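Since the structure of chain A is already known, use the hints to place chains B and C on it.
Residue numbers (the working numbering), protein chains in the order written: chain A, 4 to 225; chain B, 18 to 258; chain C, 2 to 205.
Where hints are given, some of them may not hold.
Said to hold, decoys possible - 20 angstroms max Cα-Cα, derived SDA-like pairs, lysine to any residue: (1) A:160 with B:162; (2) C:150 with A:6; (3) A:160 with B:169; (4) C:10 with C:23; (5) C:138 with C:119; (6) B:190 with A:8; (7) C:150 with C:56; (8) B:190 with A:6; (9) C:150 with A:8; (10) B:190 with A:206; (11) C:10 with C:198; (12) C:138 with C:191; (13) C:196 with C:170; (14) A:160 with C:87; (15) C:138 with A:160.
Unchecked claim - Computed far set for chain C versus chain A, every beta-carbon distance over 12 angstroms: (16) 19; (17) 25; (18) 32; (19) 40; (20) 91; (21) 115; (22) 164; (23) 199.
Hint data in this document are derived by calculation from the structure and do not stem from the laboratory. Just so we're clear, the structure is a prediction, and the values are computed from it rather than from any experiment. All C-beta atoms in this analysis are idealised placements derived from N, C-alpha and C, irrespective of residue type, glycine included.
Listed here are the chains, written in short residue letters.
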Amino acid sequence: MSGPFASLLMRDLRLAARSGGSAALALAFFALMATLVPLGVGADLRLLARVAAGVLWVGAVLAALLSLDRLFQGDFDDGSLDLIALSPLSLEQVALAKFLAHWLSTGLPLTLLSPVLALLFGLPGNGAVMLVISLLLGTPAVSAIGAIGAGLTLSLKRGGLILPLLILPLLAPVVIFGAGAVSAALNGLANGALGLLGALSLAAGLLSPFVTAACVRLNLAG
Amino acid sequence: MLKPMFRYANPAQFMRLSGALLPWVSLLALIALVTGLVLGFHVPPDYQQGMTVVIMFVHVPAAIVAESAYAAIALASLFSLVWRHPLADTAARAAAPLGAMFTALGLITGSLWGRPMWGAYWVWDARLTSFLLLLFLYLGYIALWNAIEDETRAARAAAILALVGAVNLPIIKFSVDWWNTLHQGESILSGQIAPVFLWPLLIMALGYMLLFAALWMIRIRTEIVNRRARSLMQRGADAAG
Amino acid sequence: MILSLTAEKLACTRGDRRLFADLDFQVGAGEALVIEGANGVGKTSLLRLIAGFLPPAAGRVVIVMSETAISEGEERGRHVGWLGHQDGIKPQLSVGEQLEFFANLYGVRSALNGALERMGLSRQRLLPCRYLSAGQKKRLGLARLMVSKRPLWLLDEPFAALDSAGRFLAAELMQAHCASGGIVVAASHDPFGFKARSLRLGAS
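In isolation and in its complexed conformation, chain A is listed as follows:
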């Protein structure tokens, strides 16, 4: 099944790259947020360094949210989803491909930009490294849980408004452990948070395709 799966994944990545680049949008949002916060709280680098982990984590989550409502919407609206559903791929595999494509086109770029933003916030080296690791481990969970939200709000005309409300509470643990991992690293403590984060991402990644597929199935019948 690598042929069909890979072709769907590649197509989605190609579409993301061509339609004004959802990666560019997410990166811009992330960077802008990181710019606005110091404007709001002041330029004291010690303060900024203390809030960096949390602010950057929240910024990454919100930036990743931006393109979620279009995860299935485009294909649903133009009838492509019907064709994809009739392919040899199961809907669970389709959901997995979509969530991976989302992570590769938003979560991963955000992770790669984060060290630069960590610099803007005066985050010390070991903190910045842990920030990258935590984002790398945690952004898949954001895409996975976000995909469920995208499935639930599929076919809503302005589903984009309600999607954050649905999934941000569910993402609280990811933010807590992600930023917590950075705090622990800064204080030289053992990093239980990282393990918890990884477990969360793994669980979310494994379960999300099934739940998302159920939502898509529901909407195909509509």
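Using the frame of chain A, we list chains B and C on its own:
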């Protein structure tokens, strides 16, 4: 085992059953609440918190009901998805605003209870924070129901959301607890409950539960009646058109 | 290839409306069925029901694959070649990319260029689909059907948006599919131009 429950799945049966139960449940709720409050006011003032400990009798039961209501919604959602129980969707939808209100009540009373102790109307204590997130889960659930026009689809989607939330809720609470110990240390609102406080608390909790049950039944009955009215109007329109 | 498509006591409900009930029909290999009826009577819903997108309110749809094997559940969609009234075409992809993606997705190795040529689209192979006319998009959909190697074709208004040359092509394609043992079920206001049975919805 499920057979008897499905006998009451029939809306007409439910109307009969709830109609018979409702006056009793309401009465018991009233008795429990009044008794609980009276006992609560007669409790010796706590050396540390003064008479504001009475707010505990309003806050803790609200918290218990708020969480139980979400569990009830999750259970109803399971029945809806797996066994296609016809009243499950209605029951789940009806419970949500009630659960949200009890959560809001819990937050407000928790804030008032904490004010004399903390000097502030809000602290990011583990329990209050989890509670706030629970309120958002409720709001999201209600919003999803209202956003999707097709009733059947809305019911299924909401059921999936409720189950996802239910699975996530322990994880959320665990993570918030972890977060709290990382940043703050001891949770402020926990602690031993002296026996003299226990009875009023339990009775109030019972009263709240009964109150919730009564309100829930009323809302389900209202929804059933509304459905009947809608289908009558639909048939009238079809016949005329 | 499949032997037949059978619908038994099929009923469909959309929202609160009962669209049709007690529908029985059978289409064998090499046969074509045209679904007729006014707009909104449930033609598209019936097609979606056959494809497995929509669960029936009652009854069942069975694809008989051989003497011993049938396909009944959601997986019967693996036998379906679909041409819905939405085009399923991404504006950002070129015609060639679109068809290639589809062929890879469906795991078929086909002469894509041959299909494009047959549909009169070989000159548009590198053109982004946003520049295609409605008729060209329909032809691309038909090309998709050609390469899909699926035995049961379900089409929703296959002749819509096509000029007379396009319609001729489409009819030819459907007829050829039947001739090679496939099954064609189409909802259409227009006649096929070749021998097909008819099923009228909303008659009662």
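Hint check:
For the hint pairing residue 160 of chain A with residue 162 of chain B, the CA-to-CA distance comes to about 14 angstroms; that is within 20 angstroms, so the pair holds. Simply put, residue 150 of chain C and residue 6 of chain A have alpha-carbon atoms about 16 angstroms apart, close enough for the 20 angstroms limit, and the pair holds. Only pairs whose Cα atoms come within 20 angstroms are accepted, and residue 160 of chain A paired with residue 169 of chain B is accepted, the gap being roughly 17 angstroms. The suggested pairing of residue 10 of chain C with residue 23 of chain C holds, with an alpha-carbon distance near 4 angstroms, which does not exceed 20 angstroms.
Between the alpha carbons of residue 138 of chain C and residue 119 of chain C the distance comes to roughly 14 angstroms, so the proposed pair stays at or under 20 angstroms and holds. Restraint check: the Cα-Cα separation between residue 190 of chain B and residue 8 of chain A comes to about 36 angstroms, which exceeds 20 angstroms; the hinted pair is violated. About 25 angstroms separates the Cα atoms of residue 150 of chain C and residue 56 of chain C, which puts this hinted pair outside 20 angstroms; it is violated. Distance restraint check for residue 190 of chain B and residue 6 of chain A: the Cα-Cα separation of roughly 42 angstroms exceeds the 20 angstroms cut-off, and the hinted pair is therefore not satisfied.
A threshold of 20 angstroms between alpha carbons decides the hint, and for residue 150 of chain C with residue 8 of chain A the separation of about 19 angstroms falls inside it, so the pair holds. This hinted pair checks out: residue 190 of chain B and residue 206 of chain A have alpha carbons roughly 17 angstroms apart, not beyond 20 angstroms. In summary, the hint linking residue 10 of chain C to residue 198 of chain C is supported, as the alpha carbons are separated by about 19 angstroms, within the 20 angstroms threshold. With a C-alpha separation of about 19 angstroms, the suggested pair residue 138 of chain C and residue 191 of chain C falls inside the 20 angstroms cut-off, and the hint holds.
Annotation: proposed proximity of residue 196 of chain C to residue 170 of chain C holds, straight-line Cα distance about 16 angstroms (limit 20 angstroms). For the given pair, residue 160 of chain A sits about 18 angstroms from residue 87 of chain C by alpha-carbon distance, which is consistent with the 20 angstroms threshold. The straight-line distance between the Cα atoms of residue 138 of chain C and residue 160 of chain A is roughly 25 angstroms, outside the 20 angstroms bound, and the hint therefore fails. The non-interface label for residue 19 of chain C is consistent with chain A: the shortest C-beta to C-beta separation is roughly 16 angstroms, beyond 12 angstroms.
Consistency note on residue 25 of chain C: stated as away from chain A, and its beta-carbon is indeed over 12 angstroms from all of that chain's, at 22 angstroms minimum. Against chain A, the non-interface label of residue 32 of chain C holds: every CB pair exceeds 12 angstroms, the least being about 21 angstroms. With a minimum CB-CB distance of about 18 angstroms to chain A, residue 40 of chain C clears the 12 angstroms threshold, and the non-interface call stands. With 12 angstroms as the threshold on Cβ separation, the claim that residue 91 of chain C sits away from chain A is violated: the shortest Cβ distance comes to roughly 6 angstroms.
Distance check on residue 115 of chain C: its Cβ is at least 20 angstroms (rounded) from any Cβ of chain A, clearing the 12 angstroms threshold; non-interface status holds. No Cβ of chain A comes within 12 angstroms of the Cβ of residue 164 of chain C; the nearest lies about 22 angstroms off, and the non-interface call holds. Under the 12 angstroms C-beta cut-off, the non-interface status given to residue 199 of chain C relative to chain A holds; the minimum distance is some 25 angstroms.
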